[in-house]
Amino acid sequence: MASPALREVGRSRDRTPLVLAIPAVVATLFLVLPLVSLVVRSPWRDLGSLLQEAEVGQALRLSLLTATSATAVALVLGVPLAWVLARRRLPGHSLLRALVTLPLVMPPVVGGVALLYAFGRVGLVGRYLDLWFGITIPFTTFAVVMAEAFVAMPFLIITVEGALRAADQGYDEAAATLGASRLRTFWTVTLPLVRPSLLAGTVLCWARALGEFGATITFAGSFAGSTRTMPIAIYLTMVDDPRAGTALALVMLIVSVAVLLLLRERWWYAGDRTSDTASGGSR
Amino acid sequence: MKKSAALLSALAIVLMPALTACGGSKTTTLHVFAAASLKESFTTLGQQFEKDHPHVKVDFSFGASDVLASQVDQGAPADVFATASTKTMDLVASKVTGRKNFATNTMEIAVPAKNPGHITKLADLTRKGVKLAVCQAEVPCGTVAATVFANAKLKVHPVTEEVDVKSVLTKVSLGEVDAGIVYVSDVKTAGDSVKGITIPNAVNAVTTYPISVVKDSDHTDLAKEFEALVTGAAGQKVLAANGFAGPA
Chain A
81 MASPALREVG RSRDRTPLVL AIPAVVATLF LVLPLVSLVV RSPWRDLGSL
131 LQEAEVGQAL RLSLLTATSA TAVALVLGVP LAWVLARRRL PGHSLLRALV
181 TLPLVMPPVV GGVALLYAFG RVGLVGRYLD LWFGITIPFT TFAVVMAEAF
231 VAMPFLIITV EGALRAADQG YDEAAATLGA SRLRTFWTVT LPLVRPSLLA
281 GTVLCWARAL GEFGATITFA GSFAGSTRTM PIAIYLTMVD DPRAGTALAL
331 VMLIVSVAVL LLLRERWWYA GDRTSDTASG GSR
Chain B
77 MKKSAALLSA LAIVLMPALT ACGGSKTTTL HVFAAASLKE SFTTLGQQFE
127 KDHPHVKVDF SFGASDVLAS QVDQGAPADV FATASTKTMD LVASKVTGRK
177 NFATNTMEIA VPAKNPGHIT KLADLTRKGV KLAVCQAEVP CGTVAATVFA
227 NAKLKVHPVT EEVDVKSVLT KVSLGEVDAG IVYVSDVKTA GDSVKGITIP
277 NAVNAVTTYP ISVVKDSDHT DLAKEFEALV TGAAGQKVLA ANGFAGPA
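Sequence lines, in order, name chains A and B.
If you read the first sequence in the working numbering, its first letter stands for residue 81, the second for the next number, and so on.
If you read the second sequence in the working numbering, its first letter stands for residue 77, the second for the next number, and so on.
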């Protein structure tokens, strides 16, 4: 938390130089104008009837279901990985870290192709799933969850890993000294310490999963009810029925605003808050 | 140092022809938007057109006819537009001129080379456990496929509805599905990874391909010439070689 004296100094130098102000305004307009236009162009009057169409509800439900499942997968698998990356020195540590965060910078459609070659019916692993168990993954809702988790999990891993790295390990050691088991320390000391980051990472991961398009359409295809999520439905509807497509897009915008509200502790007050651990208090 | 010098000279050698080409006279780029199923034949025709017009470069955008139609409608920089159905061309009727039908196409079942689903006829596609890919209903290939199944009085349950016919073909050639409904021309151009199974004429359906010049084009004359190439004898020969039938 910045001291009052420091804030005074900041205020007296409050005049923003033009070289910074102009690009800043342009950036704001660039980011906000398209969203305003979407809201303005939305068919508000028919919104109710457009959203009541069976396909819309189906796509929205599927999106919420798969994004939540993908986030659950990411939590169960990703948080332990974040802990390993933050607290353990493994051989080839930085390589491992780079590899697991690669999906973060890769075009999602590349991820979809990669998933197909790994878990497709004739893929490296998928071939045996089919041969031994008669399981084929592509074109199923499960494939959607996999595609979303593949793309979104690194967001959670990176966020939690950063927090674990920064958190004071002294508490863990104290707990261990007092006789707590490693697992108990992890649950009752380590995780609560990084709770804000864990929460932010979870929401980021969920939002990324909800917006997933490229990997999903490549690996899971597109079929109403089983694999056609909101982003795919919007893309398809925009072509044939722009009004319905816009209505769908608006729904996604509203969901995004809701996500931002969930994250407000972290982002809206970014200027006031300086550390993760400080945001536990009431506001 | 040595390495970067070598790289630079290599770059110079590669770029030289391009640079000199620009120096002589300006290169005009003709933008052709065409249905995904036209990819192979139009690419061939584009090369012919470039050969006949040394300072013209033909740039293609292949995709689902309805997606391309909405792009043309929104003012995308297309000079020539060719779709896989008359209905999708109707969508941009006010933006195009000189419309002509130049080809027709019928449907065929495409299966992976090894035919894992043991598909031999249309009715096999209704069998439980057979994974079928089709185009989504909005795309011409999806509309025509739906007509075929209606004609045959068959109810199918595809696992995926792809955005265009080439995506269906990809899923087949990768072996991810047991069968896909694509155009005869697609099977013809797909090579060894895909096998075609003929759909009897009695239930098969036809789609007609129209081509037009986009009114907003900056190169109307060139666009007309490209259209003439496609509708003329040379174009028809290439289309026939790629499995298309002549206009009805």
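Derived from the structure by calculation, the hints contain no laboratory data.
Keep in mind the model is a prediction, meaning the values are calculated, not measured.
Any given hint could be a false lead.
Pairwise CB distance ranges (calculated) [as the list claims (entries may be wrong)]:
1. B:K313 / A:V337: 54 to 60 Å
2. B:K197 / A:L263: 56 to 62 Å
3. B:A169 / A:R125: 25 to 31 Å
4. A:V116 / B:A189: 17 to 23 Å
5. A:M186 / B:T104: 35 to 41 Å
Think about it this way: if two alpha-carbon atoms lie no more than 20 Å apart in a straight line, the pair counts; the simulated DMTMM-like pairs of lysine to aspartate or glutamate are [stated by the list, open to error]:
6. B:K171 / A:D320
7. B:K115 / B:D135
8. B:K171 / A:D321
Note that beta-carbon positions come from the ideal geometry of N, C-alpha and C, so glycine has one too.
- Query: Taken at face value, is the distance from the CA of D135 of chain B to the CA of K115 of chain B at most 20 Å?
  - Reply: 12 Å, holds
- Can you let me know if the beta-carbon spacing of A169 of chain B and R125 of chain A is within 25 to 31 Å? 28 Å, holds
Q.
Check the hint pairing K171 of chain B with D321 of chain A against an upper bound of 20 Å on the C-alpha distance.
A. 19 Å, holds
| said: Does the beta carbon distance between K313 of chain B and V337 of chain A stay inside 54 to 60 Å, or does it fall outside? | reply: Since K313 of chain B and V337 of chain A have Cβ atoms about 58 Å apart, the given range 54 to 60 Å holds.
Q. Measuring from beta carbon to beta carbon, are K197 of chain B and L263 of chain A in 56 to 62 Å?
A. 60 Å, holds
Within 35 to 41 Å: is that where the Cβ-Cβ distance between M186 of chain A and T104 of chain B falls? Since the Cβ atoms of M186 of chain A and T104 of chain B sit about 37 Å apart, the hinted range of 35 to 41 Å holds.
Q. Taking 20 Å as the top limit, are the C-alpha atoms of K171 of chain B and D320 of chain A close enough?
A. 17 Å, holds
- Per the hint of 17 to 23 Å, is the separation of the Cβ atoms of V116 of chain A and A189 of chain B within bounds? 53 Å, violated
In this structure, the one hint that does not hold is number 4.
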